[in-house]
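Engineer: Given next are the chains, with one letter for each unit.
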Amino acid sequence: MNRSELNVLIVDDESHARERLERLVGELPRCKVVGLCGTGLEALDLVNELAPSVVLLDIRMPGMSGIEAARHLSTLSEAPAVVFTTAYDEYAMEAFDTQAVGYLLKPIRKERLDKALHQAARLTATQLKLVAASDPESAQRQHIAVRVRDSLRLIPVKDVQFFRADQKYVSVYHTGGEDLIDESLTELTEEFSAEFLRIHRSILVSVRYLEAVEKERAGRHFVRIRGREEPLPVGRRQVGNLKRLLRGR
Amino acid sequence: MRPALKPQPMSKSGAIKLNDTGEIGAGESLDRRRPGTSMNTRATTSSRRIAFDPAPQDDFFLPDFCAARMVLSIVLALELLALTLALARPSGTVFLTELARISLFMQWLGLTAAAALCYSRRWLAKLSVPVAALTAFSLLTVNVVIVSEVVFLLGRSLAERGVIVSFFPDSHWTFLLRNVGISAIVSIMLLRYFFVAHQWSLHVRAEARARINALQARIRPHFFFNTMNTIASLTRTDPSRAEEAVADLADLFRATMRDSVEPSRMSEEQELCRTYLRIEKLRLGDRLTIQWQMADALTLGIVPSLTIQPLLENAIHHGIEPLDGGGTVWITGELSDDDIVITVTNPVTEMTGRFIRPGNRLALENIRERLSLAYGERGRVDVTEEEGSYTVTLRFPYEE
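Protein chains in written order, with this note's numbering: chain A, 1 to 249; chain B, 1 to 400.
Be aware that a few hints might be false.
Okay, the calculated bits of chain B under chain A, using three or more residues with CB under 8 Å as the criterion [unchecked claim]:
hint: 1; segment: 313-324
hint: 2; segment: 340-346
Okay, derived cross-link-like pairs now, SDA-like style, lysine to any residue, Cα gap no bigger than 25 Å in a straight line [stated by the list, open to error]:
hint: 3; chain 1: A; residue 1: K243; chain 2: A; residue 2: V213
hint: 4; chain 1: B; residue 1: K281; chain 2: A; residue 2: L36
hint: 5; chain 1: A; residue 1: K32; chain 2: B; residue 2: D238
hint: 6; chain 1: B; residue 1: K281; chain 2: A; residue 2: E22
hint: 7; chain 1: A; residue 1: K129; chain 2: A; residue 2: G63
hint: 8; chain 1: A; residue 1: K129; chain 2: A; residue 2: N48
hint: 9; chain 1: A; residue 1: K158; chain 2: B; residue 2: E385
hint: 10; chain 1: A; residue 1: K158; chain 2: A; residue 2: G248
hint: 11; chain 1: A; residue 1: K115; chain 2: B; residue 2: Y375
hint: 12; chain 1: B; residue 1: K281; chain 2: A; residue 2: R30
hint: 13; chain 1: A; residue 1: K32; chain 2: B; residue 2: A232
hint: 14; chain 1: A; residue 1: K158; chain 2: A; residue 2: Y103
hint: 15; chain 1: A; residue 1: K110; chain 2: A; residue 2: R23
hint: 16; chain 1: A; residue 1: K158; chain 2: B; residue 2: L139
hint: 17; chain 1: A; residue 1: K110; chain 2: B; residue 2: V246
hint: 18; chain 1: A; residue 1: K158; chain 2: B; residue 2: K126
hint: 19; chain 1: A; residue 1: K129; chain 2: A; residue 2: V170
hint: 20; chain 1: A; residue 1: K158; chain 2: B; residue 2: A232
hint: 21; chain 1: A; residue 1: K168; chain 2: A; residue 2: I225
hint: 22; chain 1: B; residue 1: K126; chain 2: B; residue 2: A184
hint: 23; chain 1: A; residue 1: K110; chain 2: A; residue 2: A125
hint: 24; chain 1: A; residue 1: K110; chain 2: B; residue 2: S240
hint: 25; chain 1: A; residue 1: K158; chain 2: A; residue 2: F192
hint: 26; chain 1: B; residue 1: K126; chain 2: B; residue 2: R192
hint: 27; chain 1: A; residue 1: K158; chain 2: B; residue 2: L323
hint: 28; chain 1: A; residue 1: K168; chain 2: A; residue 2: E230
hint: 29; chain 1: A; residue 1: K115; chain 2: B; residue 2: M228
hint: 30; chain 1: A; residue 1: K110; chain 2: B; residue 2: E385
hint: 31; chain 1: A; residue 1: K110; chain 2: B; residue 2: T235
hint: 32; chain 1: B; residue 1: K281; chain 2: A; residue 2: R23
hint: 33; chain 1: A; residue 1: K32; chain 2: B; residue 2: L139
hint: 34; chain 1: A; residue 1: K158; chain 2: B; residue 2: G388
hint: 35; chain 1: B; residue 1: K126; chain 2: B; residue 2: Q107
hint: 36; chain 1: A; residue 1: K32; chain 2: A; residue 2: A120
hint: 37; chain 1: A; residue 1: K110; chain 2: A; residue 2: K168
hint: 38; chain 1: A; residue 1: K129; chain 2: A; residue 2: Y103
hint: 39; chain 1: A; residue 1: K110; chain 2: B; residue 2: L284
hint: 40; chain 1: A; residue 1: K168; chain 2: A; residue 2: G235
Just so you know, the hints here were simulated from the structure itself, not pulled from any lab data.
We put the beta carbon where it would ideally sit given N, CA and C, even for glycine.
The shape of chain B in the complex, shown without the other chains:
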């Protein structure tokens, strides 16, 4: 099955306007950007929302019986059931013949049932759960009656022509009633199973989403209060910068508050990072240097929202703030084998290294979890520690 939270852009056309103002080149520090351009970029952010369906399949409890994997499962399950029935036959019958005969009949029965459910699924999905279950049950029963009748009539017409095939049943009503009975029991069990499995998957999905929401809302309080303090100071000394900082902070919070399962465009996520870095730059001044190298090829890509910004927050909180003279955070982004690869590097000293782990780990786990929910094994977070530097690498498939 597909990962439940796989981003599915529903509309690729129109609506998404991207502008490329203010790319920060290598070695260029953030505060050299003109305030005007950044305001313009932000103004269009809200119109760039991308529709996102967290669950590709709808919320109906019956699975899609047309899917190849489903058909295969049905065939296998029916074969197991046929084997059970053949084993349960009294001694005196030839086992393999019994198995072949039961299998043949049941595969026909199963595949026609799957076809019936496949075609009626869209229609069933519109009904309430009990009505849909009852209808599905009736469909399966009607199906078994029809198949049984066809088989019986076929056997009789062959017999009338003088061809006696021991394969075919001889007693009409026993044959029909037994089949309906077995089918009814199996159908009820199956419908029940699908219903429970569906409930469970809904529950798992809801839980994952709740956890994402909770974790995502965490902007470090330390950062928030320090920023408020900076703004309080600027209101007197530099009101226009204070105003800009308020707008930046508002944008940042808007991003953390919106529906968390909605992914972002890379360009949007990058803009968010820059907004965040502008605030930190204001707060830390010369102590913070940013080296930003993002390949243009990434801008249209999709990324689960708020995956890069928390890395920057970690890098600054654990890597730059505890350093006496400050330091440099390196951010790179590139396309490699159809994967987006993002790295964030910050300096580590013996002193800062001691404390880097606890808070950092929480944010990394959050990102790791979200990437794996969205991309399965193709979404990865790796940490490398070298002499004096700490690098987090994100890797996930490029999708538009």
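Chain A extracted, bound-state conformation:
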């Protein structure tokens, strides 16, 4: 990366907003626009491809919000610095300030943009989690990021059948296979409490894929997962919860 020049990627779903940012960045000394795109998903691809030093990321975008995109980016080893841009997001604003996360308010002033770009820093996953928690639309990710060498692969949460913790890692089992992720089961349980159920000390199951509960002769319970052969064990304390849930459906 060239120290004297900042390579900037612009992400915004509105074309006029992109155009304006492109022009403003172009007018700044030692700044260069390397790419433009309109969604969070495209942004992740372009970061892989272009390795920008800073990403200007709009928060409210269709598909994947800017905050979620930033969370996925933060898992990269060579993650770019991120500056959020927003018209008005009452929730996230306070968190930005307290977490020292860079953000710009639209319409953006040139001087502020200049300053923000040069002060922009890589965001830590913790910072982002706290920011996301303050915004109801971003509190829950819609994708789980899996690192494949240097790039990211995204698994839609709705394709995830269950998470299983081994000694060191958490594996995510989804309709397209299984992958290792670097997250804790406790945090996943908390984040996806609306759609996932902890059925065992080490297993978090998607309610969407729950098929049936079975009882073995020895008295232990198992669940069957749609699209999976092997049954999953149910912790003794979770049996009641699970039955209540299945009855409620």
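Position chain B against the provided structure of chain A, taking the given hints into account.
Structural biologist: Relative to chain A, chain B alone:
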């Protein structure tokens, strides 16, 4: 009683000029309209203000005693009072005879009093509250003296002719003084009651109006700042569109800032919606498609201002913006059984559905409240959610 905020167009004649330029036909997208025509339409907007009296009755604390319902209430109240007085008579008197006699006298008394207040109300309304109350009190007292005297004289003249009717009082002064005493107490209580009830209704009305004002002023900040951003961008790339966007935004804000209890013509409200949609179209480009089908029969109708535009704002904010490839907002308006029926439909996905509620509900509640203030039970807001679509339906009586 009539709903307090019922729209009352005071002048139906003249002043209201309607032009029908730029109706958007079905399937025609907004940006195909010529900028020139829309500017012309807007130029006449200000001359189309419609006078609106939020409270049909004036602000005097005495109610209208000529109204049929009021007369009925008086008759009933007097009958209750007569019953009380008859029950309070010492034993030894025949209850039903007492009741009949007291009732007859009191109904005469009450109806003449109502007539006196009915005719003098206009004149009393010009006085200050204490003077008016005192005058009304004197009127009621004079009324009771006159009626008592007439009854007494009638009884005496009948007695002189040899007809003795036990109905009539025999002791002149006791009769008169008792009546004046009872009347004075009841009149004071009644005047006090009317005054308090009036104060209360004023308070309720003021509160409702304040709330409407507060809620109405809410144009989503998100929309405002994004629009400013778009304009900032256009000032360099397309100055004439930037100029138009500034004018559109100004019109929109003017509409939200004017007196909120003033209703709009449907044509005016529609123009406002189009202004709003033009801005959104500029901002969202191909992501936003509008299907607009408004019956021409609605144009002269009256609608509480800013009831339709917030629905569009909701539809775009919650329905279109979160959609990857954008989508279509459907707006229909028709006349059905003398009611104006407006529907706004936007797509919903599993993803957008999750967040549609909180902000949306506030705007819907606001509209629901305003329609019911204006039209009572005849103003309705219904929400229907079907697979993949979310529809809000407004229904309220057609008035010109």
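Engineer: So which hints don't hold here, by number, going up?
Structural biologist: Hints 2, 11, 12, 14, 16, 18, 20, 23, 30, 33, 35 and 37 not satisfied by this model.
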